[in-house]
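There are 4 protein chains.
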Amino acid sequence: MSTEDETSATSDRPGLRRTARLEAFSDGVFAIAITLLVLDLAVPVTKTSENHLLDAIGDEWPGYLGYVVSFATVGALWLGHNAITDYLDRADTTLLRLNLLLLFFVSFLPFPTRLLSEYIRSDQAERVAVTFYGLTLLVAGALLSVFWRYALHARLVRPNAGDEEITLLTHRLTPGLAAYAVLIIVGLFRPVAAVIGYLVIAMFFLLPLRIHRR
Amino acid sequence: MSTEDETSATSDRPGLRRTARLEAFSDGVFAIAITLLVLDLAVPVTKTSENHLLDAIGDEWPGYLGYVVSFATVGALWLGHNAITDYLDRADTTLLRLNLLLLFFVSFLPFPTRLLSEYIRSDQAERVAVTFYGLTLLVAGALLSVFWRYALHARLVRPNAGDEEITLLTHRLTPGLAAYAVLIIVGLFRPVAAVIGYLVIAMFFLLPLRIHRR
Amino acid sequence: MSTEDETSATSDRPGLRRTARLEAFSDGVFAIAITLLVLDLAVPVTKTSENHLLDAIGDEWPGYLGYVVSFATVGALWLGHNAITDYLDRADTTLLRLNLLLLFFVSFLPFPTRLLSEYIRSDQAERVAVTFYGLTLLVAGALLSVFWRYALHARLVRPNAGDEEITLLTHRLTPGLAAYAVLIIVGLFRPVAAVIGYLVIAMFFLLPLRIHRR
Amino acid sequence: MSTEDETSATSDRPGLRRTARLEAFSDGVFAIAITLLVLDLAVPVTKTSENHLLDAIGDEWPGYLGYVVSFATVGALWLGHNAITDYLDRADTTLLRLNLLLLFFVSFLPFPTRLLSEYIRSDQAERVAVTFYGLTLLVAGALLSVFWRYALHARLVRPNAGDEEITLLTHRLTPGLAAYAVLIIVGLFRPVAAVIGYLVIAMFFLLPLRIHRR
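So the sequences go chain by chain: G, D, H and R. Numbers 1 to 214, taken from the numbering used here, label the letters of the first sequence in order. Numbers 1 to 214, taken from the numbering used here, label the letters of the second sequence in order. Numbers 1 to 214, taken from the numbering used here, label the letters of the third sequence in order. Numbers 1 to 214, taken from the numbering used here, label the letters of the fourth sequence in order.
If you are wondering where the hints come from, they were derived from the structure by calculation, not from laboratory data. Careful, some of the hints might be misleading.
Computed, partial: chain H to chain G, Cβ under 7 Å [stated by the list, open to error]:
| hint | residue |
| --- | --- |
| 1 | Gly28 |
| 2 | Val38 |
| 3 | Asn82 |
For each label pair, taking beta carbons as the anchor points, the in silico distance ranges come out as [stated by the list, open to error]:
| hint | chain 1 | residue 1 | chain 2 | residue 2 | range |
| --- | --- | --- | --- | --- | --- |
| 4 | H | Arg121 | R | Thr94 | 52 to 58 Å |
| 5 | G | Arg155 | R | Gly58 | 53 to 59 Å |
| 6 | D | Asp55 | G | Asp55 | 30 to 36 Å |
| 7 | D | Ile196 | R | Thr170 | 34 to 40 Å |
| 8 | R | Thr174 | H | Ile185 | 47 to 53 Å |
To give an idea of the interface, some chain D residues facing chain R are shown, with a C-beta separation under 8 Å as derived from the structure [to be verified]:
| hint | residue |
| --- | --- |
| 9 | Gly28 |
| 10 | Phe30 |
| 11 | Leu39 |
Computed from a predicted model, the values in this text were never measured in an experiment. Here a beta-carbon is modelled for each residue, glycine too, at the ideal position from N, C-alpha and C.
With these hints in hand, go ahead and build the complete structure from the sequences.
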């Protein structure tokens, strides 16, 4: 996990932690959260006929939509986390705590996903479920941005990282937050449209679009 | 997780990512997906007599068959993923995204496995369940092949890897796809035969057969 | 995971184990335990109206309280574990076994959390549930302290670690235990107050308070 | 995860795999299997009185016994696996496959544990459940021994490992197998005694007894 050199280097800077375990623990939580989502996919109960099973699977589409959106969002957050830690030289105790707070919302996501899948077809309750879901995505995205800005602020980023790369990453983490805020409002009137919007945001991060490139 | 040298080396090549976290995150998802399968094994409910419990366990065979096939397939995919990353020199952002797409289908597999276990004895619905299961295996296998071919195409493979080894790995990843396609057709007429065929494919990758050796 | 140098060094000291796998396995168990907690969050069942869903979510507050306290406690234990292994030079077989015992209580925590969520509003049974929960936290905290003290006693800590740092960490791990003991008594009379107290203890470790700083 | 040196070294020996991912994937499966056990601990359902909850928890003892025995056994298997990989210089493809087979039985263990917890108080069916449980432990233990013997046979062990250490580890892995075989027979007549025997075997590996020391 670490060479002797690294360990010795850390001991010269008390209070600073290696980034290795931050990454290993985070990878574990991201991997488990993304994989647990499948446990909430309901198997339709119908033993009558073949077409009925196809219909029954089709009827479960809100569950599958929530599954895909949450998987894509956790995947996008992991890519962002990965891009950030790639620039980290070291981690201090505040960064470890911000990371735990981010992981709290990542590992919490299966719960609003379940709420969403359960209530999205329910006329009255779907607005509550979709708003709750959107707020969780917004907070998780905001914490990833805070995580990165704190690392910059506390000079935990590798000195040899290019200014341009750093600006690019900062810009890349920001627009999603405004979009989440807009979609939470949209979701009060058009819940399904908001959920599809959340999928589009995740895809924006997942697909290697080069919008900011000059 | 990485030495200082590695980190510095990465910083000289912006946009390139280390393979360490790709492997760690993937290992996490593979390990969780393969271990979650056991949660869907149903404990037979019978409190009457000893022979009844043996009979009841025997009656649950479709669940156990799906469990074994899915475990063997995830194990085979992990071996293939392992073999590929062994040749990787570095990872770019497209490779990370292809990897996420592959992991999506790996972590999704418990769901068609549950469908299969539930419906394989059901006269009408088993064709739908077996076809859905086979399509998931085909897509996962195809994505592993795409993952490898992209790595070759984008020159992410270590320069000192032998051409012969690379050809061997490429050949090894291909025939399974044709077999999956054939078995999906077979499954429309003989569902159980198709599932046993999926087990044979996984075993072909798991057992150290040296068919291509000269 | 390890360089050749590290491996060779280990082979010269039979009976000593590398700390790499201790950390990897522990990170896995911590990450899984912290993420599994979300599975026990109950989705309220109400399809009547929007306000009813908000009310129903509100009614589930004991489940959410238990979830937050357990998440914060596992997070705090992980931070402490992380701080300790940061000072480890090597691990002997007794340390590996103490670690397994600690992980036993970490991975057991979802069970008393479920008991707590189920019974905290129940007039008669809540004292049993809260006491059981508190005892689990006390034992886990005590084992983390024993883990650290054993490492010091068996001279497994890096020789170049400063005495001041070591004393700070030892002091940091101790006061929580006395607080847990007090709160277990408090919980016999005011169960909810005790649970909030457990949250405060976890927050004390999670927030970067510098009480011991001169 | 690996330094450049390691990677280059591997490329000179085609067909050989690094042990890093073998360890990472195995740690993942061990960690998940050991942590999933807690999901099967039943929360007793009783809302009547405080004493009733204590009684109800007491009534669930077979579930807790199975949990403790399985946790201790997976912990002991992990320690053994850890001890073995500590001596590994490299891994070939057969070792990776033997490892997958071992992990199959490790990740399968929650199922017989559930059977055991469900049926141990059932007069007729407990013999089936206990025998099935014992056979799973025997096979897992035997595969760990095969894993080690194959590594020795295929000369995958570090050349500088002392003969005495190797003999000690070989001896340490063997007696458990005979004990498992005896206890499976005992379980046909005294099921609970066999389960307690399985706990003793796991404790024998977990506790740092130095029986073989001269």
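So, going through the hints one by one against the coordinates:
At its closest, the beta carbon of Gly28 of chain H sits 6 Å from a beta carbon of chain G; the interface hint therefore holds under the 7 Å criterion. A hinted interface residue such as Val38 of chain H counts as satisfied when its beta carbon comes closer than 7 Å to some beta carbon of chain G; here the least separation is about 5 Å, so the hint holds. Hint status for Asn82 of chain H: holds, given a least beta-carbon distance of 5 Å to chain G, under 7 Å. Here the CB-CB span from Arg121 of chain H to Thr94 of chain R is close to 57 Å, well matched to the stated 52 to 58 Å.
Evaluation of the 53 to 59 Å hint for Arg155 of chain G and Gly58 of chain R yields a pass: the beta carbon distance comes to about 57 Å. Roughly 34 Å separates the CB atoms of Asp55 of chain D and Asp55 of chain G, a value that falls within the hinted 30 to 36 Å. For the pair Ile196 of chain D and Thr170 of chain R, the supplied restraint of 34 to 40 Å holds, since their beta-carbon distance comes to about 38 Å. The given range of 47 to 53 Å is respected by Thr174 of chain R and Ile185 of chain H, whose C-beta atoms sit roughly 50 Å from each other.
With its C-beta approaching chain R no nearer than about 6 Å, Gly28 of chain D sits inside the 8 Å limit, and its interface hint holds. Checking Phe30 of chain D against chain R by beta carbon gives a least distance of about 7 Å; that is within 8 Å, so the hint holds. The interface hint given for Leu39 of chain D holds, since its Cβ lies 7 Å from the closest Cβ of chain R, which is under the 8 Å cut-off.
The structure agrees with every numbered hint stated previously.
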